[in-house]
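Peer 1: Using the sequences and the hints given, assemble the complete structure.
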Amino acid sequence: MQLRAETGPAVDVAGAAAPLAVARRARSLLPRNPWRHAWFLESFTWCYLAWSILPIALAVLFSFNNGKSQSVWQGFSLRWYTSDPLNSVLHNPQLHQAVLQTLWLSLYTTLITVPLGVAFGIGIDRWHTRTSSAFNFVMIFSFVVPELIFGVALFFVFTALFTSIHLGTLAEVLGLVTWNLSWPAIIVRARLVSIGRQYEEAAADLGASRLEAVRRVLLPMLMPAIFASAVLVFATVVDDFVIVDLLSSTGNTQPMSVIIYSNTHGGNGGPALNALATLMLLFSFVVAALGYAGYRWMTRGERVGRQETLTSIAGM
Amino acid sequence: MARLGGGREDGRDDARTRLVWAAFTAPGIVWLLLLFVVPFYAVLSIAGGQLNPIFQSAVPVWNPLHWTGANFAKSWSDLVGTGAFIGPIFVRTVVFVAIASGLSLLIAFPVAYFVTRFGGRRKGIFLALLIAPFWISYMMRMLAWIDLLQNDGYVNKALTFLHLVNHPVDWLGGQSATVILGLVYGYIPYLILVLYSGLDRIDSRLIEAGRDLGLSGWRTFLRVTLPLSRQSVLTGMLITVLPMCGDYYTNQMLSGSSGTSMVGNVIDGQLNATGLQGEGAALSVLLLAVLLVPMLYYVISTNRASAELA
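So the protein sequences, as listed, match chains A and B.
Just so you know, the numbering used here puts 526 at position 242 of the first sequence, and the rest follows in order with no gaps.
Just so you know, the numbering used here puts 5 at position 3 of the second sequence, and the rest follows in order with no gaps.
No wet-lab data here; the hints were simulated from the structure.
Quick reminder that beta carbons are idealized off the backbone N, C-alpha and C, glycines included.
Mixed in with the good hints there might be a few duds.
Going by beta-carbon spacing under 8 Å, a handful of chain B positions derived as facing chain A [unchecked claim]:
1) I31
2) W69
3) L290
Peer 2: Shown next as C-alpha cells:
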C-alpha cells in the first residue's frame, strides 16, 4: 500500500508525459489560457465590475434628469448644467466658483509639485547621506499617514504658527503640494533604477559636466515618468477632499469636492450636485486620456505596452 | 563606473558632485521640513498646550518642557473614563474598519487573481475597468450611492419588487451596513490595484511547476500563489486600513447620524468647535500613536524593497 502511494504519482507522471507534451504543443498554438477557464472567478469579476461602475453611470445619467429627483427619471435635459436660472452649474455662483477653484488648485499644485518632487527624487537617489535618507523616510511617511491627521496638523500650523497664511487658496495649495510631493519623487526614483547609471557615465566620458548630463541625458529619459506624475498629481488634486475641506475658509475657496460634501449630508442635494460631480469625472477622464495618449507618444520608441501605460499613469 | 560610482580619486570633484545632488534635494527637504515636520510639531504643541480662558481658543506651547497633559487627560477620560463618549466610538471604528477591510480583501483578491491569471488578451480591458474608479472622485462615488439608496431609490425599488422588504428601508438614516458598504466601495479600488500589481509579478512558471509536480489547482493556489502574494496583501491592507481610520466623510455623507460616528468624525467635529480644538489635537496625536506601528512597517518595507532594486 505504502509502495503504491510512493510510486503511484511517478508512474502517473511518466504515463502522462506523452499526452501532456502533445497538449502543450496544441496549447502553444492557441493563444489561450493554459488551464481550464475559471468561470466562477470570471462571473465574480464581472459582478464586481458591474457593482463598481453601474452606480456611477446612474449618477451621471441623473445629472441629465429633467426634474429635482435623484432617483426617478423624468426625461432628459441639460437643466442642471446650463438652463436652470437659479441652480444650474452655470448660473449658481457657488457651483460655478467651485469648478474654477478646482481647476486652479490642480493647476497650481501640479506646477509646483512636479519640479519640486522630481528634483527631490533625483537628489535623494544620488545623495547618500543621513539627511537624505532621513527625508526619504519622511517622504514615504507622508505617503501613508492618514490624510485627516496630516490635515489637522496643517490646520494648526496655519492657524497657530504661520498665521500670515490664512486659510484659503494659498493654504490649500501648500497643503496639496506637500501631500502629493511623494508621487513624482517615488515615480522618478523607480524610473532612475530602471535607467541605470551607464548613460550618465557615457555623457561624462564624452565631457559633459554633472548638470549637463542631468539636463541633456537624464531629464529626457525621465520625461515619461515626469509626465505620468504630472497627470497623477493633477487628477489626485481634482479628487482631493480632506485637505481642501480643512484648509478652505469661505465659500469661494471651496472646490467641487467640498461643495458636493457640504450639500449632501445624509440626504438629497439635488441633481445639480450630480452635474457638478459629472464635470469632475469629465476633468479626471480627460486628464487620464491625455495622460494615456501622451505617455504612449513619449515612449513610442520603447515598446511600452498598453497595460504598462495604464499602470504608469495610475501610479502603480 | 569608476568616474561616477562614488569611489573617486579626485576628492574635490567628489565634493562638488555631492553639492549638486544636495542642491537637487534641498528644496524638497526645506518644503517637507516646513510643511510636514513643523505641522506635526504644531499639533503636539497645541495638544500639549492650554486653552485661552477668555476666547476659549487653543494656545500652543512651543517649548516641549512646558507641555501639559491636560488635553490628553481630557481625551483619555472621554476615551475610557466615566461618561466616556469616545470609547464606544473608538470600538465602533475598529469594528467598522475590520469588517470593511476584511470584506474588501474577500472581494478584491479573487478579482485581482482572475485578471492576472486568466485575463489573457482581455487583460487590458479588465485593467482599464479596474483603474476607472481610481480616476473617479470619492465624493462622486458616495453621491452615486446616495442616489441609489434613497427611499424611492433603485435599491429599495428592487427590494420591494422582489418582496424582500415590505416598506422601503431608510438606508441613509444612520445604518451601520450603509457606512460599511460605503467604506468598502470607497477604498476597494486601491486595494485591487495593489493586489493586481503584486499578483502580476508572480512568475507563472512557479505556478506551472506546482501543477507539473502534481499539486491540484486549489493546492497550488494555497502552497504557491498565496505565500508569494503575502507581501502585497499586507501592503494592500495597510493602504486601505490607514485612510479608513481617518475617514469622516463616508460616514457623514451616507449616514450623518451620531449613531455611526467614527474617530474621524469626533476629530473633525472638535476641530470646528471653539474650545475643543486642543482636545481634537490630542485625539489626533493619540490616533497617530495607535497607527504608528503599521505606518512604520510600511515605510521600512518600502525602503527595503527600493534598496533591493537599486
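Peer 1: Now look at each hint and say whether the structure bears it out.
Peer 2: Results of checking the hints against the structure:
no.: 1; hint: I31; result: 5 Å, holds
no.: 2; hint: W69; result: 14 Å, violated
no.: 3; hint: L290; result: 5 Å, holds
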